[in-house]
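Residue numbers (our numbering), protein chains in the order written: chain A, 1 to 203; chain B, 1 to 78.
Among the clues, some could well be false.
Stated by the list, open to error - With a straight-line cut-off of 25 Å between C-alpha atoms, the simulated PhoX-like cross-links for lysine-lysine are:
| hint | chain 1 | residue 1 | chain 2 | residue 2 |
| --- | --- | --- | --- | --- |
| 1 | A | Lys141 | A | Lys168 |
| 2 | B | Lys8 | A | Lys192 |
| 3 | A | Lys168 | A | Lys94 |
| 4 | A | Lys62 | A | Lys94 |
| 5 | B | Lys37 | A | Lys62 |
| 6 | A | Lys94 | A | Lys141 |
| 7 | A | Lys71 | B | Lys37 |
| 8 | A | Lys94 | B | Lys13 |
| 9 | B | Lys8 | A | Lys141 |
Hints listed in this document are in silico derivations from the structure and should not be mistaken for laboratory results.
Next come the chains, spelled out residue by residue.
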Amino acid sequence: MVDGNVHWYGVPGIVNGLAVLRDEESSSLWDHITGECFDGPLAGQRLPFWGVDITTVEAELKSYPDVVLLKSPGIPFFKSTLMNVVIGKNFIDKQGTTLPGFFRRSMHTAIDPRLPEGENGLGVMTDDHQAKFYPMSALQKGESIEDDWMGRTLIVQRGAIDGVPRAKWADGNGRPMQLLTRWYGFSFTYPKCEIYEPQQKAG
Amino acid sequence: MSRINRSKINIQKDGFEFTPFRPTHESEMPLTDAGLKPDIELIAFERNGERRVLLLTEMHYHHVCQGELAGEPYLVTF
């Protein structure tokens with residue numbers, strides 16, 4: 001909703017190797033992660049946003065047996081194949097990615113070298129652009145950690161069935177905004193974000 | 001937004017490179033009836049207690065799914 005009206009969106013291309021949104025009503029360009037409009041008549045506006053959950057059929061049906069699937073009417077074979085090469089058919093457990101040349105040419109600077117560009121992990125963030133990245137490799141399936149962030153304790157747990165990391169506040173007050181993402185995309189969206197480092201175990 | 005260099009934006013002038021998914025009632029089916037393998041990956045979302053899932057491989061292409069759920073508009077991106 002923009003000023004009380006529904007705008008309709010699609011992806012006309014990329015920047016920083018990430019999808020760009022454009023609305024049909026104003027042709028403004030929007031960041032698909034933060035919901036911010038960065039170019040066009042609506043520049044400076046921001047869509048309200050909520051998290052989604054990436055999971056598997058098995059895990060979903062265990063918790064929501066009556067859930068409804070929205071099935072696409074069809075996808076062009078060539079583009080489907082291309083995106084499966086770039087993203088991979090298995091997103092959750094796949095480490096690494098193959099970034100095509102046109103992805104790299106859309107980047108305004110080199111990818112943050114602190115982690116491998118295709119490292120998969122959980123990014124958590126606040127409305128004022130504070131962010132932290134929890135590499136998937138820091139956690140085993142079914143394992144959880146507690147971490148102090150933004151003056152509060154965050155519990156990050158990887159699902160026992162789907163292996164997806166999810167974060168919630170230890171004080172019981174909900175979940176921070178979060179997404180499962182590759183390092184390159186998260187670090188372009190949240191430059192200088194913190195990175196979780198597991199504490200060394202004694203002995 | 002300093003993290004975006006406008007000269008690097010690679011977009012087509014008109015229309016969309018990837019067709020957005022705008023579900024209708026015909027798009028809906030119970031997940032249990034879809035015959036999918038247990039490890040197939042999904043994006044799940046909720047509005048006002050109503051929950052829907054999308055196939056991740058389909059969202060690799062569409063990138064956008066937009067419609068209405070529980071009387072509220074939604075936009076899912078990937």
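Checking one constraint from the list: CA of A:Lys71 to CA of B:Lys37, max 25 Å. Satisfied?
Cα-Cα ~15 Å, so holds.
Please work out if A:Lys94 and A:Lys141 have their alpha carbons no farther apart than 25 Å.
Holds, because 14 Å separates the two Cα atoms, which is no more than 25 Å.
Would the hint linking A:Lys141 and A:Lys168 be met if the CA-CA limit is 25 Å?
holds (17 Å)
Is the hinted pair A:Lys94 and B:Lys13 satisfied, with a Cα-Cα distance of at most 25 Å?
violated (34 Å)
Would you check the hint for A:Lys168 and A:Lys94, treating anything up to 25 Å between C-alpha atoms as holding?
holds (24 Å)
Does A:Lys192 lie within 25 Å of B:Lys8 when you go C-alpha to C-alpha?
Within the cut-off at roughly 21 Å; holds.
Check the hint pairing B:Lys37 with A:Lys62 against an upper bound of 25 Å on the C-alpha distance.
holds (14 Å)
Do the alpha carbons of B:Lys8 and A:Lys141 lie within 25 Å of each other, as the hint requires?
It is violated: about 38 Å lies between the C-alpha atoms, which goes past 25 Å.
Given hint A:Lys94 paired with A:Lys62 - CA-CA distance at most 25 Å
Satisfied, since the Cα-Cα distance of roughly 23 Å is no more than 25 Å.
Checked against the numbered hints given earlier, the structure breaks hints 8, 9 and satisfies all the rest.
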